[in-house]
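Student: Here is what each chain is made of, one letter per residue.
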Amino acid sequence: MNVGLFIPCYIDQFYPQVGIATLELLEKMGCNVGYPLKQTCCGQPMANSGCEQDSIAAYQHFVKNFSSYDYIVTPSGSCAYHVKKHYNIIEQTLEVKNVRERTFEFVHFLTDILKVKEIPGSFPHQVGLHQSCHGQRGLKLSNASEITPVKDGEALRLLRTIKDIRITELDRNDECCGFGGTFCVTEEAVSSRMGTDRVADHIKNKTEVLTGGDMSCLMHLDGIIKRQKLPIKVMHIAEILNGNSITK
Amino acid sequence: MMNVRDRILSQIKVNKPSSLALNEIPVFMGDDSLTNFKKNLESISGQPIEVNSTNEVESIVNQLFPSAKKIASSIIPGTVSIDTSSDLVSLEQVEVAVLRGEFGVAENGAIWLPESNMINRSLPFIAQYLVLVLKKNDMVMNMHKAYERCRPGNYGSFIAGPSKTADIEQSLVIGAHGARSLTVILD
Amino acid sequence: MSVNHASSANTFNRDFDRTTWHDESLWFVRQKRDKAVFSVSEFQQLREVASNIKEHTLSSLDHYLIEFEQNALSNGVHVHWAANAQEHNQIILDILKQNKATRIVKSKSMLTEECHLNPFLKENGFDVVDTDLGERIIQFRNEPPSHIVMPAIHLKKEDVGKTFHEHLGTPANEKDPQRLTEAARQHLREKFVAAEVAITGVNFAIAETGSVVVCTNEGNADLGVTFAKVHIACMGIEKIIPKWQHLGVFTRVLARSATGQPITTYTSHFTKPRDGNEMHIVILDNGRTQQLGREDFRNSLKCIRCAACMNTCPVFRRSGGHSYGFTVPGPIGSILSPNLDLKKYSALPFASTLCGSCSDVCPVKIDIHVQLYKWRQIISKENALPISKRWSMKLLSTVLSRHGLYNLAGKIARFTLRWMPHSITHNTLLNSWAKSRELPHPPKESFGTWYQKNKLK
Numbered sequence: 001m002n003v004g005l006f007i008p009c010y011i012d013q014f015y016p017q018v019g020i021a022t023l024e025l026l027e028k029m030g031c032n033v034g035y036p037l038k039q040t041c042c043g044q045p046m047a048n049s050g051c052e053q054d055s056i057a058a059y060q061h062f063v064k065n066f067s068s069y070d071y072i073v074t075p076s077g078s079c080a081y082h083v084k085k086h087y088n089i090i091e092q093t094l095e096v097k098n099v100r101e102r103t104f105e106f107v108h109f110l111t112d113i114l115k116v117k118e119i120p121g122s123f124p125h126q127v128g129l130h131q132s133c134h135g136q137r138g139l140k141l142s143n144a145s146e147i148t149p150v151k152d153g154e155a156l157r158l159l160r161t162i163k164d165i166r167i168t169e170l171d172r173n174d175e176c177c178g179f180g181g182t183f184c185v186t187e188e189a190v191s192s193r194m195g196t197d198r199v200a201d202h203i204k205n206k207t208e209v210l211t212g213g214d215m216s217c218l219m220h221l222d223g224i225i226k227r228q229k230l231p232i233k234v235m236h237i238a239e240i241l242n243g244n245s246i247t248k
Numbered sequence: 001m002m003n004v005r006d007r008i009l010s011q012i013k014v015n016k017p018s019s020l021a022l023n024e025i026p027v028f029m030g031d032d033s034l035t036n037f038k039k040n041l042e043s044i045s046g047q048p049i050e051v052n053s054t055n056e057v058e059s060i061v062n063q064l065f066p067s068a069k070k071i072a073s074s075i076i077p078g079t080v081s082i083d084t085s086s087d088l089v090s091l092e093q094v095e096v097a098v099l100r101g102e103f104g105v106a107e108n109g110a111i112w113l114p115e116s117n118m119i120n121r122s123l124p125f126i127a128q129y130l131v132l133v134l135k136k137n138d139m140v141m142n143m144h145k146a147y148e149r150c151r152p153g154n155y156g157s158f159i160a161g162p163s164k165t166a167d168i169e170q171s172l173v174i175g176a177h178g179a180r181s182l183t184v185i186l187d
Numbered sequence: 001m002s003v004n005h006a007s008s009a010n011t012f013n014r015d016f017d018r019t020t021w022h023d024e025s026l027w028f029v030r031q032k033r034d035k036a037v038f039s040v041s042e043f044q045q046l047r048e049v050a051s052n053i054k055e056h057t058l059s060s061l062d063h064y065l066i067e068f069e070q071n072a073l074s075n076g077v078h079v080h081w082a083a084n085a086q087e088h089n090q091i092i093l094d095i096l097k098q099n100k101a102t103r104i105v106k107s108k109s110m111l112t113e114e115c116h117l118n119p120f121l122k123e124n125g126f127d128v129v130d131t132d133l134g135e136r137i138i139q140f141r142n143e144p145p146s147h148i149v150m151p152a153i154h155l156k157k158e159d160v161g162k163t164f165h166e167h168l169g170t171p172a173n174e175k176d177p178q179r180l181t182e183a184a185r186q187h188l189r190e191k192f193v194a195a196e197v198a199i200t201g202v203n204f205a206i207a208e209t210g211s212v213v214v215c216t217n218e219g220n221a222d223l224g225v226t227f228a229k230v231h232i233a234c235m236g237i238e239k240i241i242p243k244w245q246h247l248g249v250f251t252r253v254l255a256r257s258a259t260g261q262p263i264t265t266y267t268s269h270f271t272k273p274r275d276g277n278e279m280h281i282v283i284l285d286n287g288r289t290q291q292l293g294r295e296d297f298r299n300s301l302k303c304i305r306c307a308a309c310m311n312t313c314p315v316f317r318r319s320g321g322h323s324y325g326f327t328v329p330g331p332i333g334s335i336l337s338p339n340l341d342l343k344k345y346s347a348l349p350f351a352s353t354l355c356g357s358c359s360d361v362c363p364v365k366i367d368i369h370v371q372l373y374k375w376r377q378i379i380s381k382e383n384a385l386p387i388s389k390r391w392s393m394k395l396l397s398t399v400l401s402r403h404g405l406y407n408l409a410g411k412i413a414r415f416t417l418r419w420m421p422h423s424i425t426h427n428t429l430l431n432s433w434a435k436s437r438e439l440p441h442p443p444k445e446s447f448g449t450w451y452q453k454n455k456l457k
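Residue numbers (the working numbering), protein chains in the order written: chain A, 1 to 248; chain B, 1 to 187; chain C, 1 to 457.
By construction, these hints were calculated from the structure, which means they are not laboratory data.
Predicted model, so just to flag it, every value in this text is computed and none were measured.
Hints may contain errors.
Once the Cα atoms are required to be at most 27 Å apart in a straight line, the calculated DSSO-like pairs of lysine-lysine come out as [claimed, not checked]:
(1) A/Lys64 x A/Lys38
(2) C/Lys444 x A/Lys233
(3) C/Lys435 x A/Lys226
Modelling step: build the complete structure from the supplied sequences, incorporating the hints.
Tutor: Here it is as structure tokens:
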């Protein structure tokens with residue numbers, strides 16, 4: 001199975017270890033992973049800012065880079081959602097349709113395509129799972145608290161199979177962290193406050209390691225954790241699933 | 001020249017989407033038991049009291065409101081007479097209104113009160129305390145059944161508990177402007 | 001002047017504890033909503049049904065409005081049509097004048113807020129008493145509502161105590177909600193029995209019967225209407241539902257979504273006036289037919305004004321209703337307002353993280369966050385974006401579609417973050433990210449570089 005690895009811009013530039021973990025785990029699962037060197041970004045930052053038209057070039061660029069793969073996998077629910085949902089404004093050629101259908105968020109790909117049921121190894125920490133909205137509500141990767149009181153989702157199920165792991169029960173299971181793309185700077189006050197509250201929920205409920213499927217949300221939360229010097233370590237879920245231990 | 005009405009209607013005609021089918025409402029079932037009604041009534045601060053016969057209503061009302069001097073009722077002999085043409089002063093002074101509810105809704109504790117059961121339109125709202133007398137077996141399971149059973153008439157209201165508000169800091173206060181309490185006597 | 005949500009929100013957030021309190025008050029309502037909704041096993045199906053009824057109605061709205069009008073007329077009700085707020089207000093003024101009314105009560109109606117009816121009538125010498133407790137509080141304070149179901153949710157009991165002390169003579173420092181409510185009760189019951197004209201909003205208007213339904217918890221609509229000789233009910237064209245039977249669906253979802261009650265305390269059906277009395281219905285357009293013509297946005301007209309999207313919105317809870325500068329604040333208001341004035345309200349569709357909680361909570365399944373996204377596209381196309389944002393997006397676009405440029409930009413960013421002093425990279429004037437967040441610690445090399453070194457050897 002040929003898998004094209006899409007590494008979102010901020011992961012590429014700031015969190016290479018997340019890309020490495022994703023790549024390693026996919027290879028361990030037997031995928032033949034390729035990384036198109038000319039890839040840039042899915043175009044979401046511009047589109048969410050209202051400049052969808054300006055992002056068309058990025059969309060075309062994305063399709064050109066990835067159309068030859070069986071699947072396109074990315075450690076970002078938000079980017080996967082954007083490709084699937086918003087690449088509807090360019091001409092729907094066979095290539096475009098294929099790319100939209102075959103782009104997967106990383107955990108979703110593990111559970112739905114590779115049929116991964118459990119993760120070996122031990123992670124003896126209390127882990128708080130941040131439900132990123134685009135993965136949860138956009139890609140329906142986990143239950144939304146507005147729809148059902150049952151907390152369930154693919155990432156949660158996989159994490160639970162890891163030995164010695166403890167999962168945090170949050171007061172607000174799936175409230176948005178406040179990142180929101182350019183929202184995090186244009187609405188700085190609300191964005192920071194939302195992040196602060198999200199982190200406080202994790203602190204209150206004893207999270208040691210904060211994880212999730214979207215590094216953008218985690219980057220924002222980590223920024224707050226570091227500024228407030230709080231005892232929480234942030235790791236992308238790919239790192240935990242790949243068996244990485246906590247780095248200093 | 002088109003008047004406002006016709007202009008609005010013609011703009012709608014131009015702007016509306018193509019016709020969309022209206023689906024049948026599925027049949028939704030529920031628990032129409034007296035127990036369920038009582039539970040839900042209590043959850044909205046109403047007080048259910050079961051009696052064996054309508055004859056007991058008067059003594060219950062007297063027990064509940066021993067000092068009430070102005071009781072208006074279509075069921076028991078009241079102490080004030082209210083009719084459709086009563087003036088606002090006499091209405092304003094009513095302490096207890098005892099009226100017949102048409103039927104209860106088990107899923108939410110609401111009671112249908114059509115104008116014909118109100119004596120006067122204002123009475124159920126202006127009375128300090130409201131007592132509704134309801135037949136124990138007059139329950140429907142949910143609002144779908146409720147609207148099958150009631151008709152618009154001139155005026156009618158589903159009453160679900162006493163008047164309440166939470167407009168000050170989300171604190172629930174019973175007795176906003178209307179009835180300070182709702183007692184439901186099930187006969 | 002344009003609404004600047006970010007700036008108002010910034011001011012709101014300066015009081016950390018009060019923001020916490022506001023957030024928690026509304027989250028409490030959201031939790032009550034969850035409890036009420038999850039106790040109905042078919043709730044998700046009800047949303048679907050409610051949505052279908054509303055969508056169907058919109059697709060035949062002219063037909064249903066005509067049916068409604070005919071039935072209302074045959075019930076002896078006067079029906080008026082208003083194209084805009086000004087016409088709406090004039091119709092009401094005329095009715096008041098014809099009846100030589102001086103004592104007017106009004107139950108909660110967001111439509112009359114939208115039309116700024118109270119100030120208009122005041123200018124014309126008519127004082128209206130708002131009878132919903134929350135509305136009365138803000139009327140005393142001369143403030144707009146900050147929420148469509150709980151208009152005074154932004155106020156603390158101490159604030160209300162102070163207001164009532166000034167206007168109703170309650171003891172100074174009285175802040176007990178029970179006693180404050182009792183004071184309002186005494187004050188307002190005098191107004192009810194003396195009222196000559198009662199104005200109400202409309203929750204649902206039934207085409208089949210010509211009835212209007214008004215839902216309250218306090219009983220203030222019924223108290224007003226049943227004492228006054230004249231009842232004026234004000235509604236937008238989108239309040240229509242086809243059949244009496246459809247009320248079964250909407251009364252099951254409205255209060256559960258709004259406050260977590262299984263039904264409002266009073267669900268009142270006004271069909272015919274009392275003998276000798278008058279009932280008027282004013283049907284308002286005010287931009288609604290235009291919204292109906294916008295394919296991407298027309299289903300915002302399904303809204304039943306439950307405010308669940310406000311209570312769930314993490315931005316609303318932390319910025320307050322007033323920060324939206326529109327009668328209907330929060331997510332739903334942010335997709336309604338640009339229809340009326342794109343420039344003035346161009347900031348509102350951006351006052352969201354697009355988290356989508358609003359769409360999931362909506363009892364009539366309006367895809368609110370999708371419409372927020374779509375308004376953003378229109379706002380940028382119409383050049384209603386601030387110039388700085390426009391240029392930065394153009395630049396970003398160029399960078400992201402050309403790999404070479406992208407790589408260089410990334411290198412510069414990483415280099416800057418690594419080697420520039422913290423005081424410069426985290427200067428808050430330059431960088432609003434860093435006001436309360438650290439920037440990520442830049443790695444030595446990007447993933448792309450690592451990959452080339454380690455995987456393409």
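Student: Given the hint that lysine 64 of chain A pairs with lysine 38 of chain A, test it: the Cα-Cα distance must not exceed 27 Å.
Tutor: 10 Å, holds
Student: Hint check: lysine 435 of chain C vs lysine 226 of chain A, CA-CA at most 27 Å. Holds or violated?
Tutor: 12 Å, holds
Student: Regarding the pair lysine 444 of chain C and lysine 233 of chain A, is the alpha-carbon distance no greater than 27 Å?
Tutor: 20 Å, holds
Checked against the numbered hints above, the structure violates none of them.
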